[in-house]
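What follows is each chain in one-letter form.
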Amino acid sequence: MKHTISVLVENHAGVLARVAGLFARRGFNIDSLAVGVTDDEKVSRITIVADGSAYTLEQIEKQLNKLIDVIKVKTLHNDTAVTRELVLIKVSCTPKQRAELISIAEIAKGKISDISTNSMTIELSDSKQNLDNFEELLRPYGIKEVVRTGTIAMQKGEATVRV
Amino acid sequence: MTVAKAMTECLAAEGITTVFGYPGAAICPFYDELENTDIRHILVRHEVNGGHAASGYARITGKPAVAIATSGPGALNLITAIATAYMDSVPMVVITGQVNSDQIGRDVFQEADITGSAEPFVKHSYLLKRPEDTAEVFKRAFYIAGTGRRGPVLIDVPFDVQKAEIDFEYPETVDIRSYRPSSTGNGNQIKRAAAAIAASKKPLILAGGGLFTGNAVELMRKFAEHTDIPVVSTMMGLGAMPTNSPLFYGMLGMHGCKAANNAVNTCDTLILLGARVGDRAIATMKQRDDLTVIHVDIDPAEIGKNLDVDIPIVGDLTLVLGQLLEAVSGGADRSEWKNKLDSFREDKPVEPAPAGYVNPKQFIRTLDKYLPDDAVVVADVGQNQIWTAANITLNGGRFLTSGGMGTMGYSLPAAIGAKLAAPSREVVAVCGDGSFQMQMMELATAVQHNVPVKVIVMRNNYLGMVRELQERAYDNRLTAVSLDGSPCFTKLADAYGIQNELVDSPDKMDAAIQQLISSDRPYLIEAAVEEYEKTIL
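Protein chains in written order, with the numbering used here: chain R, 1 to 163; chain X, 1 to 537.
No wet-lab data here; the hints were simulated from the structure.
Since the model is a prediction, treat every value here as computed from it, not as a measurement.
Beta carbons are placed, not taken as given, at the ideal position from N, Cα and C, and that holds for glycine.
Mixed in with the good hints there might be a few duds.
[Stated by the list, open to error] Below are the DSS-like pairs computed for lysine-lysine, each with C-alpha atoms no more than 30 Å apart in a straight line:
{"no.": "1", "chain 1": "R", "residue 1": "K74", "chain 2": "X", "residue 2": "K191"}
{"no.": "2", "chain 1": "R", "residue 1": "K42", "chain 2": "X", "residue 2": "K129"}
{"no.": "3", "chain 1": "R", "residue 1": "K62", "chain 2": "X", "residue 2": "K305"}
{"no.": "4", "chain 1": "X", "residue 1": "K139", "chain 2": "X", "residue 2": "K202"}
{"no.": "5", "chain 1": "X", "residue 1": "K202", "chain 2": "R", "residue 2": "K66"}
{"no.": "6", "chain 1": "X", "residue 1": "K340", "chain 2": "R", "residue 2": "K62"}
{"no.": "7", "chain 1": "X", "residue 1": "K258", "chain 2": "X", "residue 2": "K129"}
{"no.": "8", "chain 1": "R", "residue 1": "K111", "chain 2": "R", "residue 2": "K96"}
{"no.": "9", "chain 1": "R", "residue 1": "K66", "chain 2": "X", "residue 2": "K63"}
{"no.": "10", "chain 1": "R", "residue 1": "K96", "chain 2": "R", "residue 2": "K2"}
{"no.": "11", "chain 1": "R", "residue 1": "K144", "chain 2": "R", "residue 2": "K2"}
{"no.": "12", "chain 1": "R", "residue 1": "K66", "chain 2": "X", "residue 2": "K129"}
{"no.": "13", "chain 1": "R", "residue 1": "K42", "chain 2": "R", "residue 2": "K74"}
{"no.": "14", "chain 1": "X", "residue 1": "K129", "chain 2": "X", "residue 2": "K139"}
{"no.": "15", "chain 1": "R", "residue 1": "K156", "chain 2": "R", "residue 2": "K42"}
{"no.": "16", "chain 1": "X", "residue 1": "K340", "chain 2": "R", "residue 2": "K72"}
{"no.": "17", "chain 1": "X", "residue 1": "K202", "chain 2": "R", "residue 2": "K72"}
{"no.": "18", "chain 1": "R", "residue 1": "K62", "chain 2": "X", "residue 2": "K191"}
{"no.": "19", "chain 1": "X", "residue 1": "K305", "chain 2": "R", "residue 2": "K2"}
{"no.": "20", "chain 1": "X", "residue 1": "K286", "chain 2": "R", "residue 2": "K62"}
[What the hints assert, rightly or not] Interface residues of chain X toward chain R, partial, derived using beta-carbon atoms under 7 Å:
{"no.": "21", "residue": "T37"}
{"no.": "22", "residue": "H124"}
{"no.": "23", "residue": "P171"}
{"no.": "24", "residue": "D175"}
{"no.": "25", "residue": "A301"}
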């Protein structure tokens, strides 16, 4: 089962290595990982999507909490959190296909970020599932390159994960 | 002052009087300043043993002890000792030299990423990059190592940083927002535990090594006596309950005794106190639905990790035991339960050894007969460890061993550390001829620094425990377990100027052991053990 874990850490050099190393040596599989500073520049947020049983999730949370640089650990549930990934997709696009691809991008609420004679780069931010669907939609045109970020997530409503 | 000088000031401020280490170029600025202090430096003969000696020292004082090494190979040699301390929750601050800051990452001479390499085995680590952080980093390192679940903390200090000039003031307090180590147990869980204990007909305490690191040994005894609950122990918890207490039923596990293992498989409520119950400890434990498990530990990650738990209590053992003492009333009649446990007790007679040998169990029992009550016995790893654990009595004494990691070569350096921590106590290292040859260079340390530790080498010319495994699981194909080629250990002791004796018959045992204990200098006994002697009889 997939779990989305929001981890607040001290914004020091080496903290990401400690967190990633912990996952590796304890045998926890990471599906995706996204790191960024929070509104407090001394604090970074690492959002991890990991795969494992309830036992594994409990161990992940406890072991993360043992790291001195980890300030807070919170597992977010998909039905009560907004989750987003960002993707940049470069597709083959002849001048004739431009209108067609632009309308696909518009329907999906994507944005055209770059255009060249025979390619188009579309950016889209959405849930992982919607990005997967979008990618499939573009596949017949010939995908040249896909760049995706890890998932970031935030709880719905007024709940927050902060120091 | 220089950072090197400030480092020595930090150690002094933490009350450090003895450190263990091995110098090298990258740590020389610090060593140069160490010479100007009253701190005693014990030069070991291999860095790993500096770590083990600090471990032995810390386990006796209960406070973080210090091990030092240079950069690169020196630091890397310490890793096994760091990991050994980590597994057994021993408080330790490890200081390593590092190459110049601007050379880090260029693979220069004696460079190793020690904070990276040691990461899986440290409670925390610092690469001291900014000279002005020195005092804060040391304050935090000692605080982290010596509180909560104890463990090793590493401070890696580049050569140029050691020479940098700083204004020094040691902080009086420390506050780490993401680290809140000490806590009382959740009141609700305490109530549930008290109710479960009150309802229990056959409760049992499982005492672990956390009782020692958490300074909760006395409280645990008080709790056991107040509630009249029988006690068994993990290997790390040996000595928490006196062997001669009628409530004590021995060590459980793969190499444990029948009474303890039967107790664990018969009880209806099991109260784990500072025991993480490693796989060897619960190897003989049957999974049952009718068992209520109460687990008290300062580290929430240990609760539910190896054993399913019904009532988890996270907290400081002293605080939680205080809460439990208030919540659980005494006066329950446990005679039926204790009678049943008493029926499991057995006193196995010792088989006489063939001519030219001593029976190792009889040897340990004889050693035990003459040792003072407060003696410290350090067992190594292998058959010698089990022979010692099973036959030593602990009524005020301590039993130290590498329980979690099972690190061979632990006993002599740890004994040297323990003896320096408690000079008035008798300290004996018991090892096999395999483990002895991993640490025998430390005889020189004992001689150079006049540390009167006593060493028993159980010589059976085999890596006995591995040999037994091969007999059992590999169709008796013995592979790489013969120790042919070993030196004469008494002659080796002679070479170090250490008094010694070969004990190869039972009638020599008493006098030799008395001689060993009465000596005020290092002393070595080589005990001749029959080659195919079994771990358990």
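Unmet hints by their number, sorted upward, for this structure
4, 5, 6, 7, 10, 16, 17, 21, 23 and 24
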